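K.L.:
So the chains spell out like this:
Number of protein chains: 2
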Amino acid sequence: MGERYLASKKILIIGGVAAGPKTAARVRRLDPEAQITILEKGQYISYAGCGMPFYLSGKIHQFEELYSTSYGVKRDPEFFKSERGVDVFTGTEAISIDRANKKVVAKDVATGEEKVFEYDKLVLGTGSNPITPPIENLDLAGVYRLNHLTDAEAIKKALDAGEVNDVVIIGTGFIGMEALDAIFSPRRAVTMVEFKETLLPGILDPDMGKLLYKSLYEQGLEGRFGEKVLKLEGEDGRVTKVITDKGAIDADAVILAVGVRPNVKLAQEAGLTIGETGAIAVNEYLQTSDPDVYALGDCAENTNIITGKKAFAPMATYANRQGRVVGDNVLGGKSTFKGILGTGVLHCMDMNVARTGLGEVQAKALGYDIETITVSTFDMTHYHPASNKIIIKMIAEKGSQRVLGMQGIGKGEVAKRADVAATMINYGGTLDDLLNLDLGYAPPYNTPIDPMVHAGNALKNKLDGIAKTYTPEEVQAKIEKDEDFVLLDVRPPHQFNMRNIKDKRTQQLTLSELRDKLDQVPRDKEIVTVCVMGSRAYEGARILEGAGFNNVKFMEAGMEGWIFDLDDL
Amino acid sequence: MGERYLASKKILIIGGVAAGPKTAARVRRLDPEAQITILEKGQYISYAGCGMPFYLSGKIHQFEELYSTSYGVKRDPEFFKSERGVDVFTGTEAISIDRANKKVVAKDVATGEEKVFEYDKLVLGTGSNPITPPIENLDLAGVYRLNHLTDAEAIKKALDAGEVNDVVIIGTGFIGMEALDAIFSPRRAVTMVEFKETLLPGILDPDMGKLLYKSLYEQGLEGRFGEKVLKLEGEDGRVTKVITDKGAIDADAVILAVGVRPNVKLAQEAGLTIGETGAIAVNEYLQTSDPDVYALGDCAENTNIITGKKAFAPMATYANRQGRVVGDNVLGGKSTFKGILGTGVLHCMDMNVARTGLGEVQAKALGYDIETITVSTFDMTHYHPASNKIIIKMIAEKGSQRVLGMQGIGKGEVAKRADVAATMINYGGTLDDLLNLDLGYAPPYNTPIDPMVHAGNALKNKLDGIAKTYTPEEVQAKIEKDEDFVLLDVRPPHQFNMRNIKDKRTQQLTLSELRDKLDQVPRDKEIVTVCVMGSRAYEGARILEGAGFNNVKFMEAGMEGWIFDLDDL
Numbered sequence: 007m008g009e010r011y012l013a014s015k016k017i018l019i020i021g022g023v024a025a026g027p028k029t030a031a032r033v034r035r036l037d038p039e040a041q042i043t044i045l046e047k048g049q050y051i052s053y054a055g056c057g058m059p060f061y062l063s064g065k066i067h068q069f070e071e072l073y074s075t076s077y078g079v080k081r082d083p084e085f086f087k088s089e090r091g092v093d094v095f096t097g098t099e100a101i102s103i104d105r106a107n108k109k110v111v112a113k114d115v116a117t118g119e120e121k122v123f124e125y126d127k128l129v130l131g132t133g134s135n136p137i138t139p140p141i142e143n144l145d146l147a148g149v150y151r152l153n154h155l156t157d158a159e160a161i162k163k164a165l166d167a168g169e170v171n172d173v174v175i176i177g178t179g180f181i182g183m184e185a186l187d188a189i190f191s192p193r194r195a196v197t198m199v200e201f202k203e204t205l206l207p208g209i210l211d212p213d214m215g216k217l218l219y220k221s222l223y224e225q226g227l228e229g230r231f232g233e234k235v236l237k238l239e240g241e242d243g244r245v246t247k248v249i250t251d252k253g254a255i256d257a258d259a260v261i262l263a264v265g266v267r268p269n270v271k272l273a274q275e276a277g278l279t280i281g282e283t284g285a286i287a288v289n290e291y292l293q294t295s296d297p298d299v300y301a302l303g304d305c306a307e308n309t310n311i312i313t314g315k316k317a318f319a320p321m322a323t324y325a326n327r328q329g330r331v332v333g334d335n336v337l338g339g340k341s342t343f344k345g346i347l348g349t350g351v352l353h354c355m356d357m358n359v360a361r362t363g364l365g366e367v368q369a370k371a372l373g374y375d376i377e378t379i380t381v382s383t384f385d386m387t388h389y390h391p392a393s394n395k396i397i398i399k400m401i402a403e404k405g406s407q408r409v410l411g412m413q414g415i416g417k418g419e420v421a422k423r424a425d426v427a428a429t430m431i432n433y434g435g436t437l438d439d440l441l442n443l444d445l446g447y448a449p450p451y452n453t454p455i456d457p458m459v460h461a462g463n464a465l466k467n468k469l470d471g472i473a474k475t476y477t478p479e480e481v482q483a484k485i486e487k488d489e490d491f492v493l494l495d496v497r498p499p500h501q502f503n504m505r506n507i508k509d510k511r512t513q514q515l516t517l518s519e520l521r522d523k524l525d526q527v528p529r530d531k532e533i534v535t536v537c538v539m540g541s542r543a544y545e546g547a548r549i550l551e552g553a554g555f556n557n558v559k560f561m562e563a564g565m566e567g568w569i570f571d572l573d574d575l
Numbered sequence: 007m008g009e010r011y012l013a014s015k016k017i018l019i020i021g022g023v024a025a026g027p028k029t030a031a032r033v034r035r036l037d038p039e040a041q042i043t044i045l046e047k048g049q050y051i052s053y054a055g056c057g058m059p060f061y062l063s064g065k066i067h068q069f070e071e072l073y074s075t076s077y078g079v080k081r082d083p084e085f086f087k088s089e090r091g092v093d094v095f096t097g098t099e100a101i102s103i104d105r106a107n108k109k110v111v112a113k114d115v116a117t118g119e120e121k122v123f124e125y126d127k128l129v130l131g132t133g134s135n136p137i138t139p140p141i142e143n144l145d146l147a148g149v150y151r152l153n154h155l156t157d158a159e160a161i162k163k164a165l166d167a168g169e170v171n172d173v174v175i176i177g178t179g180f181i182g183m184e185a186l187d188a189i190f191s192p193r194r195a196v197t198m199v200e201f202k203e204t205l206l207p208g209i210l211d212p213d214m215g216k217l218l219y220k221s222l223y224e225q226g227l228e229g230r231f232g233e234k235v236l237k238l239e240g241e242d243g244r245v246t247k248v249i250t251d252k253g254a255i256d257a258d259a260v261i262l263a264v265g266v267r268p269n270v271k272l273a274q275e276a277g278l279t280i281g282e283t284g285a286i287a288v289n290e291y292l293q294t295s296d297p298d299v300y301a302l303g304d305c306a307e308n309t310n311i312i313t314g315k316k317a318f319a320p321m322a323t324y325a326n327r328q329g330r331v332v333g334d335n336v337l338g339g340k341s342t343f344k345g346i347l348g349t350g351v352l353h354c355m356d357m358n359v360a361r362t363g364l365g366e367v368q369a370k371a372l373g374y375d376i377e378t379i380t381v382s383t384f385d386m387t388h389y390h391p392a393s394n395k396i397i398i399k400m401i402a403e404k405g406s407q408r409v410l411g412m413q414g415i416g417k418g419e420v421a422k423r424a425d426v427a428a429t430m431i432n433y434g435g436t437l438d439d440l441l442n443l444d445l446g447y448a449p450p451y452n453t454p455i456d457p458m459v460h461a462g463n464a465l466k467n468k469l470d471g472i473a474k475t476y477t478p479e480e481v482q483a484k485i486e487k488d489e490d491f492v493l494l495d496v497r498p499p500h501q502f503n504m505r506n507i508k509d510k511r512t513q514q515l516t517l518s519e520l521r522d523k524l525d526q527v528p529r530d531k532e533i534v535t536v537c538v539m540g541s542r543a544y545e546g547a548r549i550l551e552g553a554g555f556n557n558v559k560f561m562e563a564g565m566e567g568w569i570f571d572l573d574d575l
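From first to last, the protein sequence lines stand for chains A and B. Each residue of the first sequence is one higher than the one before, counting from 7 in the numbering used here. Each residue of the second sequence is one higher than the one before, counting from 7 in the numbering used here.
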């Protein structure tokens with residue numbers, strides 16, 4: 007295999023943030039004689055875009071750390087030249103591709119001077135651009151984005167100057183949530199405005215998004231959902247208010263985070279095929295419609311492994327992993343990037359969020375016949391002092407019992423669980439497989455039956471008809487429709503008194519007295535058992551069924567999953 | 007499926023620690039009318055054996071927490087009766103099984119009184135017993151085990167009384183290491199004595215075990231390896247010294263942790279088949295040679311998923327997961343437990359340890375044609391303040407490039423990585439699959455290319471002939487054989503000065519000056535490049551190869567993997 011890489015070639019890479027430099031590094035390692043050139047219109051290269059929130063929050067003190075190696079060397083053009091033998095041109099914007107003659111024209115951003123670069127293989131890592139929503143007065147001072155290093159510098163400057171007290175973040179996707187994590191402080195009023203019904207729409211199912219919001223709300227976040235920003239208002243050129251279709255919000259800083267769009271202008275003008283998602287169409291070798299032109303990272307289209315459908319998924323990990331694939335292939339290799347599951351993880355305030363595969367809403371929209379379960383559990387043995395609660399939602403196909411997706415939130419560890427789910431979904435794993443996975447157990451890491459296995463077992467019980475459940479949403483809907491049923495709370499009084507469903511249907515009978523007091527439970531009504539996390543309610547339901555009650559269900563996830571007692575939710 | 011479970015049955019379970027109670031819980035949930043009985047010779051049931059070290063260390067304050075539910079209720083016979091409808095007899099030891107008449111004779115441990123219990127299906131969860139090594143004077147006061155709750159109580163009492171200053175732990179398997187974690191303190195001298203060559207023999211490969219020891223040694227642990235304990239000495243009936251084949255060690259407390267053996271006496275006497283490992287033979291339904299008798303947990307034999315070979319693997323997670331399988335099957339189900347990968351995780355002092363699948367030594371002994379790599383890396387983005395270093399060793403089969411095993415140690419997160427490895431090994435995953443796994447990325451959780459993917463890529467580079475390496479052990483062996491080669495250290499001076507290989511072969515030339523100073527590198531000698539974590543040494547090696555040097559390798563894992571400058575290692 008080594009031999010193949012010896013022919014010297016001109017590899018020209020457009021874009022110097024993540025995908026491009028990674029490609030360059032791989033090419034260099036494979037072929038010491040390749041001529042590698044990177045064109046980057048900005049002033050920084052090979053920087054950690056995902057690290058910007060940590061710079062904002064002060065967790066990273068030196069701005070330079072965002073574009074330094076782990077051993078403290080700045081990744082600037084000199085570094086690329088001396089350590090990698092790669093020519094980097096910053097402040098140099100590619101403006102056209104002449105595919106017939108294999109040339110790229112670029113201009114110096116400062117002087118306007120044009121230069122021509124030749125290539126044997128061209129790599130497009132042109133990234134994405136933030137979407138500019140149709141909101142009036144976005145040019146006011148105090149309006150920020152968080153997409154480029156220069157954005158982070160500007161916000162940090164305003165934060166450090168003490169100018170920022172009322173922050174409005176528009177958009178609650180990953181970037182909006184990361185901005186929230188970075189700037190949230192009890193000393194500031196932070197409001198998030200979201201056009202959809204809750205946080206992280208499309209990333210989490212609405213039930214999970216609302217549970218996340220409940221936790222952040224309790225810490226002081228104000229969320230305004232189903233609300234559309236119409237315009238900004240300012241004084242002396244600085245933003246002072248955000249005006250929505252439902253009112254006005256004070257703001258001395260606004261962070262726009264309504265998403266990004268692939269940057270495909272150059273590719274489009276060069277006649278390369280653009281996919282249905284608006285990103286550059288590529289095959290599994292990451293080749294565009296021109297076999298001598300590759301595309302990767304945010305500007306390139308991905309394929310969902312489960313559905314086979316095309317997806318626009320601008321995630322840093324794809325850009326980096328694709329760099330290796332393109333590096334191989336521009337030198338004649340046949341490496342493949344098979345696709346994505348849309349795995350995402352996020353730390354926001356004191357919550358961890360993770361998801362992979364298809365959500366319930368997504369899966370149903372695609373026509374999958376699915377069942378879901380939501381379980382509340384501890385992330386490690388409950389007696390360990392570092393244990394924390396988490397909520398896991400699992401989505402599986404009926405019949406095949408194939409796992410399609412998983413979402414998790416909580417103060418406890420959920421990222422590990424998403425990685426396990428992503429790995430098993432990659433192989434088409436089923437709920438039975440989950441029980442057989444040999445996940446490592448020790449008290450500081452998980453429970454003897456790992457939370458993922460617990461979720462899988464619970465969903466299997468549900469699919470097998472052993473566990474009959476309502477979700478908290480379904481229980482709330484029954485209450486709202488004023489249905490006649492009993493909400494049987496099986497917790498001991500001290501837990502009941504802390505928080506319960508304040509409703510006329512609620513009846514108390516602890517699990518330990520249930521067997522002896524069956525006569526107190528009406529046999530002519532539907533019974534829905536309730537506890538803190540769901541497992542005792544399940545026990546209670548099984549006791550009642552065993553005693554001949556034939557219309558019994560329990561509430562999944564327990565009171566941990568109940569969000570309907572907060573006025574604002 | 008629900009219907010199948012309605013026939014009422016007598017389910018008798020012997021053993022009340024983990025496997026038994028889990029089976030009982032599953033049976034109860036499936037069949038409200040089953041008569042379920044648990045016999046336990048000890049006084050505690052359903053307790054968290056794995057939590058004992060946390061009680062010892064003071065992380066758990068109340069002894070009761072080890073046998074309480076997450077909602078604070080003690081799991082005693084009353085709890086099992088009222089909440090689960092299960093009859094539990096503690097202090098009741100089963101002494102014989104009459105399989106022909108489906109009866110078990112048990113005796114009251116206190117009174118000696120015998121009782122007879124009938125069964126339709128019998129479940130053996132008799133656990134394991136600590137091995138008593140041939141050491142003289144084990145009956146001295148101050149000699150402890152850590153296998154049962156009463157052991158934990160005894161050690162805790164001695165610790166709290168301030169009687170324990172010089173502790174010797176005999177054996178460095180999981181239990182020995184957990185004991186170390188629990189009792190280590192700068193105020194005590196703790197010595198571990200191990201007959202094999204380093205920590206966690208058979209669990210970690212020796213190179214990884216030594217790296218772990220290096221870190222614990224720096225914190226104050228004294229390890230004595232390849233040393234055999236012959237006898238204990240005491241005064242006034244209390245232990246004072248441990249005498250080995252190499253000397254004497256002061257000791258006012260000795261913890262014996264030389265492993266456990268399956269408790270199969272009852273099964274053997276009843277004529278049930280005992281497997282080659284000494285544990286009770288079972289099929290994938292966990293049925294013994296008598297189809298009405300099931301065995302699970304420590305007393306039952308497991309099957310390794312990779313090799314198909316039988317294994318004795320006394321791990322809590324297997325006992326718990328098998329409980330569900332046996333619970334299903336005693337009621338006529340066909341659930342299966344497919345086998346194990348020997349996944350294990352451990353937190354000890356400030357180190358995390360994880361392993362799954364086959365180790366290098368194991369794989370070679372079994373005749374697999376393998377390649378390994380050891381990589382040093384950060385567990386998350388290096389600029390994140392919570393990032394820590396980890397070392398991952400990966401083992402794959404040549405040809406198929408199938409991943410066979412993974413081992414990780416470090417202050418950073420490795421348990422997650424073992425779970426991912428275990429999941430992919432479960433499906434026969436390859437190194438190419440690893441690059442395609444959609445693991446979640448965000449700076450607080452990992453690196454854009456996850457450490458596991460990084461390790462996989464590195465091993466693939468090695469198998470593909472792109473990366474040519476020596477392990478630190480191989481470099482050390484070359485030095486010891488006084489071979490003629492150059493150890494080219496490519497780090498900047500400040501890193502070199504902190505720690506380097508003090509040898510006449512060492513030459514310094516930083517990566518950034520290498521391209522310009524190729525004439526300073528001898529062309530007639532083998533060159534081995536070295537850096538902190540291995541990746542710059544790889545770059546350096548590729549630069550030299552590009553410049554026509556044809557005998558170049560780099561040292562895997564870098565100085566992070568170098569253990570030969572500690573006198574005691």
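What the hints contain is simulated information worked out from the structure, not anything from laboratory work. Here the structure is a predicted model, which is why all the values come from computation and not from measurement. Hints may contain errors.
Here are the computed lysine to aspartate or glutamate pairs in the EDC-like style, where the Cα-Cα straight-line distance is at most 16 Å [unchecked claim]:
{"hint": "1", "chain 1": "A", "residue 1": "LYS340", "chain 2": "B", "residue 2": "ASP114"}
{"hint": "2", "chain 1": "A", "residue 1": "LYS344", "chain 2": "B", "residue 2": "ASP439"}
{"hint": "3", "chain 1": "A", "residue 1": "LYS113", "chain 2": "A", "residue 2": "ASP126"}
{"hint": "4", "chain 1": "B", "residue 1": "LYS344", "chain 2": "A", "residue 2": "ASP439"}
{"hint": "5", "chain 1": "B", "residue 1": "LYS340", "chain 2": "A", "residue 2": "ASP438"}
{"hint": "6", "chain 1": "B", "residue 1": "LYS340", "chain 2": "A", "residue 2": "ASP439"}
{"hint": "7", "chain 1": "A", "residue 1": "LYS80", "chain 2": "A", "residue 2": "GLU70"}
Just a few of them, taken from the derived set where beta-carbon distance is under 10 Å, the chain A residues facing chain B [said to hold, decoys possible]:
{"hint": "8", "residue": "VAL111"}
{"hint": "9", "residue": "ALA473"}
{"hint": "10", "residue": "THR477"}
Some residues of chain A that are not near chain B, with every Cβ distance over 12 Å (derived) [what the hints assert, rightly or not]:
{"hint": "11", "residue": "GLU70"}
{"hint": "12", "residue": "ALA164"}
{"hint": "13", "residue": "THR279"}
{"hint": "14", "residue": "GLY281"}
{"hint": "15", "residue": "ALA319"}
{"hint": "16", "residue": "SER393"}
{"hint": "17", "residue": "ASN467"}
We put the beta carbon where it would ideally sit given N, CA and C, even for glycine.
K.L.:
Are the hints correct? Go through all of them and say.
P.N.:
Right, here's what the structure says about each hint:
no.	hint	in the structure
1	A:LYS340 / B:ASP114	70 Å, violated
2	A:LYS344 / B:ASP439	9 Å, holds
3	A:LYS113 / A:ASP126	20 Å, violated
4	B:LYS344 / A:ASP439	9 Å, holds
5	B:LYS340 / A:ASP438	12 Å, holds
6	B:LYS340 / A:ASP439	14 Å, holds
7	A:LYS80 / A:GLU70	7 Å, holds
8	VAL111	30 Å, violated
9	ALA473	8 Å, holds
10	THR477	20 Å, violated
11	GLU70	10 Å, violated
12	ALA164	22 Å, holds
13	THR279	23 Å, holds
14	GLY281	19 Å, holds
15	ALA319	9 Å, violated
16	SER393	9 Å, violated
17	ASN467	8 Å, violated
The structure shown violates the earlier hints numbered 1, 3, 8, 10, 11, 15, 16 and 17.
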